[in-house]
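**Student:** Heads up: the sequence shown at position 123 corresponds to 123 in my numbering, and the numbers run straight through without jumps.
If you are wondering where the hints come from, they were derived from the structure by calculation, not from laboratory data.
Possibly wrong hints are sitting among the right ones.
Unchecked claim - Keeping only pairs whose Cα atoms sit at most 30 Å apart, straight-line, the calculated BS3-like set for lysine-lysine is: (1) Lys188 <-> Lys209; (2) Lys126 <-> Lys209; (3) Lys126 <-> Lys188.
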Amino acid sequence: MGLFGFYLRKLISLLKGEVLVLPSRTIVGLFVLVLLILPLISRDPYVIRIVVLTSIFAILAASWDLLSGFTGQMNFGHALFFGVGAYSSAILNIQAHIPPWGSVPLGAVVAVLAGLIVGIPCLRLKHTYLALTTLAFPIILLGIVFALPEFTGGELGISGVKRITNSLVGGYYLHVITMLVLCFVMWKITDSHTGIIFHAIREDELAVKASGINTTRYKLLAFCLSGFFAGLAGVLYVLYMRIAGPSTLEISLSFNVVIWAIFGGVATIYGPVAAVFILNPLLEFVRFWPEYRILIFAFVVLLIL
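With the hints as extra help, turn the sequences into a complete structure.
**Tutor:** Written as structure tokens, this is what we have:
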């Protein structure tokens, strides 16, 4: 065997250390591979649409986990950031005539500002009071949307938004790769020194304060980062669906985000992403049997509890 045997043993050792011991890496690798080769297997517009929307919601769920999962700041109004990003992009595109690419960063910046607006009054709140306060913000914004129909489109929303690309496959890869990159960035943030402090704040904020760390600054940072990524998800949504409507601010969307995160596992980033890719296509599939949708939803909630 000689040299060949030596390299074979090294390869087996590497596989045991990197793949067999850490099967999650293999699962992630297979997940990414399936997403990348899917258009080569099927170019059915319906399938492509489901995967694209699921990718967008995966960014949204991961951004909630970045805030609530790691810092413990329970946000029941996460649709606010999503809706702000969506409406900002639509308004910039339709009324200010800014091209789609230009509206992406601007929409995310507006969502960061929304994170500041929400974060500052919520810094001293905890538990139920925090959850109820965050829940109020998208409801307030929804009221503003209905009160200014000439600016926001009212109940009909803002339609006719230009897409970044009209290519079916090009649009698919744009959204899927963006999702993979953004989720990886969020995971790296949580794996950094900042992420450790986020996690410590959730476990024992008083102890973190006693160590000399400004927890207020880090909690506000978490709100802004979460708003940034959720805002990007909203921008991607409106650029794909070509409409920003009240559905982007609905309470049901905020609750869905919480369900996705809890189902997949909080404080993981990849857990909520996996949950979205399981639950969203499942609920889309059962649209063919609308009488079973509520039953399945109730079963999922019971499963989580």
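**Student:** Hint by hint, say whether it matches the structure.
**Tutor:** Checked hints:
Distance restraint check for lysine 188 and lysine 209: the Cα-Cα separation of roughly 24 Å lies within the 30 Å cut-off, and the hinted pair is therefore satisfied. Straight-line distance between C-alpha atoms of lysine 126 and lysine 209 comes to about 16 Å, which keeps the hinted pair within the 30 Å bound. A C-alpha spacing of about 27 Å is found between lysine 126 and lysine 188, which places the hinted pair at or below 30 Å, so the restraint holds.
Violated hints: none; the structure is consistent with every hint.
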